[in-house]
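Novice: Chain by chain, the residues run as shown.
Protein chains: 2
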Amino acid sequence: MAQKPSIPKGTRDFSPSEVNKRNYIFDVVKKHFQTYGFQPIETPSFENSETLMGKYGDEGDRLIFKILNSGDFLNKVDPGFFKEYVQVEIILKDIYSEIKLRAESFKELDDYSNRNFTQETKDFLIPEYKDRLASFSPGDYSYYIERLLNLYVHSNFGDNEDIETFGLLPILKEAFGNFLKHQTSKISFSISEKALRYDLTVPFARYVVMHQNELDFPFKRYQIQPVWRADRPQKGRFREFFQCDADVVGSDSLLQEVELVQLYDAVFTDLKLEGVTIKLNNRKILAGIAEVIGERDKLIDFTVALDKLDKIGIEGISKEMREKGISDAAIEKAAPLFALRGSNLEQLSVLSDLLKDSEEGAKGVGELSFIITTMEELGLQSANLKIDVTLARGLNYYTGAIFEVAAPEGVSMGSIGGGGRYDDLTGIFGLKDVSGVGISFGLDRIYLVLEELGLFPEAIDQSLQVLCVNFGDREALTSLKLVNRLRKAGVKCDLYPSNAKMQKQMKYANNRNVPFVVLIGEQELASNSFVVKDMVKGGQETYSLDKPEDFLNNL
Amino acid sequence: MAQKPSIPKGTRDFSPSEVNKRNYIFDVVKKHFQTYGFQPIETPSFENSETLMGKYGDEGDRLIFKILNSGDFLNKVDPGFFKEYVQVEIILKDIYSEIKLRAESFKELDDYSNRNFTQETKDFLIPEYKDRLASFSPGDYSYYIERLLNLYVHSNFGDNEDIETFGLLPILKEAFGNFLKHQTSKISFSISEKALRYDLTVPFARYVVMHQNELDFPFKRYQIQPVWRADRPQKGRFREFFQCDADVVGSDSLLQEVELVQLYDAVFTDLKLEGVTIKLNNRKILAGIAEVIGERDKLIDFTVALDKLDKIGIEGISKEMREKGISDAAIEKAAPLFALRGSNLEQLSVLSDLLKDSEEGAKGVGELSFIITTMEELGLQSANLKIDVTLARGLNYYTGAIFEVAAPEGVSMGSIGGGGRYDDLTGIFGLKDVSGVGISFGLDRIYLVLEELGLFPEAIDQSLQVLCVNFGDREALTSLKLVNRLRKAGVKCDLYPSNAKMQKQMKYANNRNVPFVVLIGEQELASNSFVVKDMVKGGQETYSLDKPEDFLNNL
Chain A
1 MAQKPSIPKG TRDFSPSEVN KRNYIFDVVK KHFQTYGFQP IETPSFENSE
51 TLMGKYGDEG DRLIFKILNS GDFLNKVDPG FFKEYVQVEI ILKDIYSEIK
101 LRAESFKELD DYSNRNFTQE TKDFLIPEYK DRLASFSPGD YSYYIERLLN
151 LYVHSNFGDN EDIETFGLLP ILKEAFGNFL KHQTSKISFS ISEKALRYDL
201 TVPFARYVVM HQNELDFPFK RYQIQPVWRA DRPQKGRFRE FFQCDADVVG
251 SDSLLQEVEL VQLYDAVFTD LKLEGVTIKL NNRKILAGIA EVIGERDKLI
301 DFTVALDKLD KIGIEGISKE MREKGISDAA IEKAAPLFAL RGSNLEQLSV
351 LSDLLKDSEE GAKGVGELSF IITTMEELGL QSANLKIDVT LARGLNYYTG
401 AIFEVAAPEG VSMGSIGGGG RYDDLTGIFG LKDVSGVGIS FGLDRIYLVL
451 EELGLFPEAI DQSLQVLCVN FGDREALTSL KLVNRLRKAG VKCDLYPSNA
501 KMQKQMKYAN NRNVPFVVLI GEQELASNSF VVKDMVKGGQ ETYSLDKPED
551 FLNNL
Chain B
1 MAQKPSIPKG TRDFSPSEVN KRNYIFDVVK KHFQTYGFQP IETPSFENSE
51 TLMGKYGDEG DRLIFKILNS GDFLNKVDPG FFKEYVQVEI ILKDIYSEIK
101 LRAESFKELD DYSNRNFTQE TKDFLIPEYK DRLASFSPGD YSYYIERLLN
151 LYVHSNFGDN EDIETFGLLP ILKEAFGNFL KHQTSKISFS ISEKALRYDL
201 TVPFARYVVM HQNELDFPFK RYQIQPVWRA DRPQKGRFRE FFQCDADVVG
251 SDSLLQEVEL VQLYDAVFTD LKLEGVTIKL NNRKILAGIA EVIGERDKLI
301 DFTVALDKLD KIGIEGISKE MREKGISDAA IEKAAPLFAL RGSNLEQLSV
351 LSDLLKDSEE GAKGVGELSF IITTMEELGL QSANLKIDVT LARGLNYYTG
401 AIFEVAAPEG VSMGSIGGGG RYDDLTGIFG LKDVSGVGIS FGLDRIYLVL
451 EELGLFPEAI DQSLQVLCVN FGDREALTSL KLVNRLRKAG VKCDLYPSNA
501 KMQKQMKYAN NRNVPFVVLI GEQELASNSF VVKDMVKGGQ ETYSLDKPED
551 FLNNL
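Line by line, the protein sequences give chains A and B. Positions 1 to 555 (this note's numbering) are the ones given, in order, by the first sequence. Positions 1 to 555 (this note's numbering) are the ones given, in order, by the second sequence.
Please keep in mind that the hints were generated in silico from the structure rather than gathered at the bench. The reader is advised that the hints may include incorrect statements.
No distinction is drawn between identical chains; accordingly, a pair holds when it is met within one copy or between any pair of copies.
DSS-like cross-link-like pairs, simulated, lysine-lysine; straight-line CA separation at most 25 Å [what the hints assert, rightly or not]:
| no. | residue 1 | residue 2 |
| --- | --- | --- |
| 1 | K93 | K130 |
| 2 | K122 | K100 |
| 3 | K272 | K386 |
| 4 | K432 | K504 |
| 5 | K298 | K363 |
| 6 | K386 | K333 |
| 7 | K9 | K76 |
| 8 | K547 | K311 |
| 9 | K76 | K4 |
| 10 | K272 | K488 |
| 11 | K386 | K308 |
| 12 | K9 | K356 |
| 13 | K30 | K481 |
| 14 | K93 | K83 |
| 15 | K186 | K76 |
| 16 | K186 | K83 |
| 17 | K533 | K9 |
| 18 | K272 | K481 |
| 19 | K181 | K83 |
| 20 | K181 | K55 |
| 21 | K9 | K21 |
| 22 | K488 | K547 |
| 23 | K235 | K547 |
| 24 | K4 | K55 |
| 25 | K432 | K4 |
| 26 | K272 | K55 |
| 27 | K181 | K93 |
| 28 | K76 | K93 |
Since the model is a prediction, treat every value here as computed from it, not as a measurement.
Model the full structure from these sequences, guided by the hints.
Specialist: Laid out in structure tokens, this is it:
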């Protein structure tokens, strides 16, 4: 009767220590979101399917978790759907009968073993059944005809009795499986009208459009909520995870980009994660490069190769570019990018020169230049700001600045944050010309980095500061009064719930990592006092029950 | 192309002000959970279906949101399912043909209009088709035979040509709908293996069993996460809402109950919601009453009527009890309960006398008595503690104490919290003999009460404390430096992102309810100063840019 419990793959239980550490990160991030004037919103975990579908590409659509309609969800399915299965079966059986029939007539004509039988039958059947089969198995209808024909011929022209059981059924099953594959998305719209949030960006766009009349633009919002993706679970890739986003919509001022760089710097500095690198690029610069070297189609191949410059050198990347079909002329034109070195300002000057003939590229250099020079003026606390023209994340999505944050050198971890500017996010929901820019923090990775570097505050695992030992009913009552007093002062404090053996109670205190154990036994009751054992330094001290503040002051 | 966006019924978007108010409640609750030694855990939003199904009764199962398997979810459906639809159609058409055939033979026998035709045909067909139809429409197979027969007779024995189109089809559709209803739960197990969390209690039990070797018992956990229910949405009833639970498992000490009463008192006092009533009962007392008055089956009717004592008096409740079939003898025996008045201690003495012959009842009185007398000793900050023997929430679930919290008098609102002790929660997952007790806070209702009584802190809607007006690039850069300084001191501060008209910038400041506006124009640049306008009290003051702390100290 009892089940051995488990949780779905790709999901996680979080222990108290893990929740506390995650909340520590969230709290630091939230604090800075707020001092930067961002306001929190929250959206429902599930949205109407049409809000999400088609917004993340085909692959994204596939990874969206769909929720089954509640109640009699099959009622909305077109009954024709159920009939089609049977029709597939009937058609395939018809074809098989036809093959048999034709074989008989070949036999009558004494042409039984005619090599032409197979070809002629095929030539006859394929056009004949094209329309009937095509709607069930688009593109490969002739495949089933050929298989049925082969089956018949290899069964010694139907002499083998088992053919229908062992030969025909698997083909029918396969054909039906193929038919179902084509039906899956159709039927999923009939039986599911809601889907779990895939990211926070599309729901945010939907929110802005729905609430546009209540909002003051520029609207700066932050949102920290879980999202769900039906990705194949892997180490470090989960089906449920938190996203943590800050976006501004309704302002195209580059001061927003400046501010987001500062925000990254403020958060990581506060997390004591010093030395992160904020990489900066601009979609317009990428477009400009493509334009100038004349390889618009191969931009991704180009940047992917360029990104390996440090590892494989100019020779290496030139070779890779050539292999990807990028012309020698293009590679030659792009040469200044291979020599892009030095300070951000030096790099800007090279880019400015390279892209002077591309209007869009020059605009990108101008934008990048504003951010860089303003930040030079304002300064950073602990992060580095670095131009990276290979940075292309979410290329189709971003229209201006592109950000990505790398963990400090020596920590091997992908990006721990990223973002950029998008010019028309709310357009999909009918609100045009609202520019937005935003960044996000990668909670799970930041967690791993802080753990690796030992940067979580020590007190984070101290879920209980004081435990009172329970010596019996009378002692417990007096202990409870002290516990009350300590809790009112904000101390995490507990009375062991039963008069268990001292050893058991002390073991519990040890396991929970409690720094102070309070003892109120018969003797203390008599003298109106309590004893505090210091579990870390050792030793103990006695206080008066009338002056618990003496202990509080020592905590 | 653009969609008019909406969100699923029963779900909500939360505006910044709403999120801040909700977080205010959560933060207060969390703070006290922690000082009481509770530790946070979090569990996945979706669980394996078998973890949830069957734990909440049939009605609960129906209200669980199921998640469609990702990928080709139809592949796991038995192909027989699809065939069955067609079989239903074939059987019904067979029956119809049979009716026609029999009508012809009646006609030949010149018995065309024989009144016996209908009865004889029915008598023949019903046993004939019993087995074939019953598997599709259990219980009502003969219903379709009668309908088809009536259809045929009323179409003037088949003379009306439209019968197949207008008569037969609706019957087929209805029969198929009925068939589908019987298939829904079967197929939902094939196409869905995960389901959204319905409450926090079952996932907690699953967590305890899965992680039993890592936990120190008694394990005190709190959990604040959303749950989902496919309930019909109503005013105040949502399909997604947060639950906020604290439970202790692994201790049967009544000190836990005492502590939970104190915890309620601490939280509501801190929320400034003074005068809530914590109602207390015990499942064993209810069982004892049922035993003593000899009406075990009518316990719910009895307590429902008893609850109306204050409204309709002894006469009224006696009448209602009689109407529900409770005997006069039982009502007479229960009479002491009708006179239950006065202090908790006085009521305990009446209960103790009434239940002295019921072992279980007497045990319940003893437990209640311990909690009441201990609380008399410890005292409450602002809540009232009141015995309420009519309190029966979740009767099947609780085995000992039952809690419920009512809003202060004058606020019309259902319970704002509740809980109780359960002796064997983890048994369903194979871990026996672990007693638990817990309480929960009703976030949405507490929110409404605080809103109604104006108890949210005033500063909660102040998402921005300082806004700097933007007078142009040079001024903006200097402003940004000041903004930086203020943010580092924890001030929620912003620079308007563009050099828009003064009027527009001031309107934004007003809309966002900003108390201080900072002006750094050409003149201030020249004199290295900044002007602060007090938007609440009026007036303005000038500070040196070298000493922003003078302003900070005035904030």
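Novice: Give a verdict on every hint.
Specialist: Hint check results:
For the identical chains of this complex, K93 and K130 are intra-copy neighbours only, at 15 Å inside a copy versus 30 Å across copies, given an alpha-carbon limit of 25 Å. Proximity of K122 and K100 under a CA criterion of 25 Å is satisfied intra-copy only: 13 Å inside one chain copy versus 43 Å between copies. Proximity of K272 and K386 under a CA criterion of 25 Å is satisfied intra-copy only: 20 Å inside one chain copy versus 50 Å between copies. In this homomeric assembly, K432 and K504 come within 25 Å of each other (Cα to Cα) only across copies, at 21 Å, whereas the closest approach inside a single copy is 67 Å.
In this homomeric assembly, K298 and K363 come within 25 Å of each other (Cα to Cα) only inside a single copy, at 21 Å, whereas the closest approach across copies is 81 Å. In this assembly of identical chains, K386 and K333 lie within 25 Å of each other by CA distance solely inside one copy; the values are 23 Å within and 85 Å between copies. In this assembly of identical chains, K9 and K76 lie within 25 Å of each other by CA distance solely across copies; the values are 18 Å between and 31 Å within a copy. In this assembly of identical chains, K547 and K311 lie within 25 Å of each other by CA distance neither inside one copy nor across copies; the values are 67 Å within and 49 Å between.
Taking the shortest alpha-carbon separations for K76 and K4, only the inter-copy value of 23 Å comes in at or below 25 Å, while the best intra-copy value is 36 Å. Taking the closest pair of Cα atoms, K272 and K488 come within 25 Å of each other only across two copies (15 Å); inside a single copy the shortest separation is 31 Å, beyond that limit. For the identical chains of this complex, K386 and K308 are intra-copy neighbours only, at 16 Å inside a copy versus 73 Å across copies, given an alpha-carbon limit of 25 Å. Taking the shortest alpha-carbon separations for K9 and K356, neither the intra-copy value of 52 Å nor the inter-copy value of 54 Å comes in at or below 25 Å.
In this homomeric assembly, K30 and K481 come within 25 Å of each other (Cα to Cα) only across copies, at 21 Å, whereas the closest approach inside a single copy is 36 Å. Taking the closest pair of Cα atoms, K93 and K83 come within 25 Å of each other both inside a single copy (16 Å) and across two copies (15 Å). With identical chains, the CA atoms of K186 and K76 are at most 25 Å apart both within one copy (12 Å) and between copies (17 Å). When the C-alpha separation of K186 and K83 is checked against a cutoff of 25 Å, the pair qualifies both within a copy, at 15 Å, and between copies, at 19 Å.
Proximity of K533 to K9 under the C-alpha cut-off of 25 Å is found in neither arrangement, the shortest distances being 45 Å within a copy and 56 Å between copies. In this assembly of identical chains, K272 and K481 lie within 25 Å of each other by CA distance solely across copies; the values are 22 Å between and 40 Å within a copy. Proximity of K181 and K83 under a CA criterion of 25 Å is satisfied in both settings, with 16 Å inside one chain copy and 18 Å between copies. Taking identical chains as interchangeable, the C-alpha atoms of K181 and K55 lie at most 25 Å apart only when both belong to the same chain, with a minimum of 22 Å there against 34 Å between chains.
Proximity of K9 and K21 under a CA criterion of 25 Å is satisfied intra-copy only: 23 Å inside one chain copy versus 35 Å between copies. When the C-alpha separation of K488 and K547 is checked against a cutoff of 25 Å, the pair qualifies only within one copy, where the shortest distance is 14 Å, while the shortest distance between copies is 39 Å. For the homomeric pair K235 and K547, neither the shortest alpha-carbon distance inside one copy (53 Å) nor that between copies (51 Å) is at most 25 Å. Within a single copy, K4 and K55 get their C-alpha atoms only as close as 39 Å, which misses the 25 Å cut-off; across copies the closest is 15 Å, which meets it.
In the homo-oligomer, the alpha carbons of K432 and K4 lie at most 25 Å apart only across protomers (13 Å), although the nearest pairing inside one protomer, at 53 Å, exceeds that limit. In the homo-oligomer, the alpha carbons of K272 and K55 never lie at most 25 Å apart, since the shortest distance is 37 Å inside one protomer and 46 Å across protomers. Taking the shortest alpha-carbon separations for K181 and K93, only the intra-copy value of 21 Å comes in at or below 25 Å, while the best inter-copy value is 31 Å. Only between protomers do K76 and K93 lie at most 25 Å apart by alpha-carbon distance; the minimum there is 23 Å, versus 30 Å within a single protomer.
Figure legend: structure checked against the earlier numbered hints; hints not met, in rising order: 8, 12, 17, 23 and 26.
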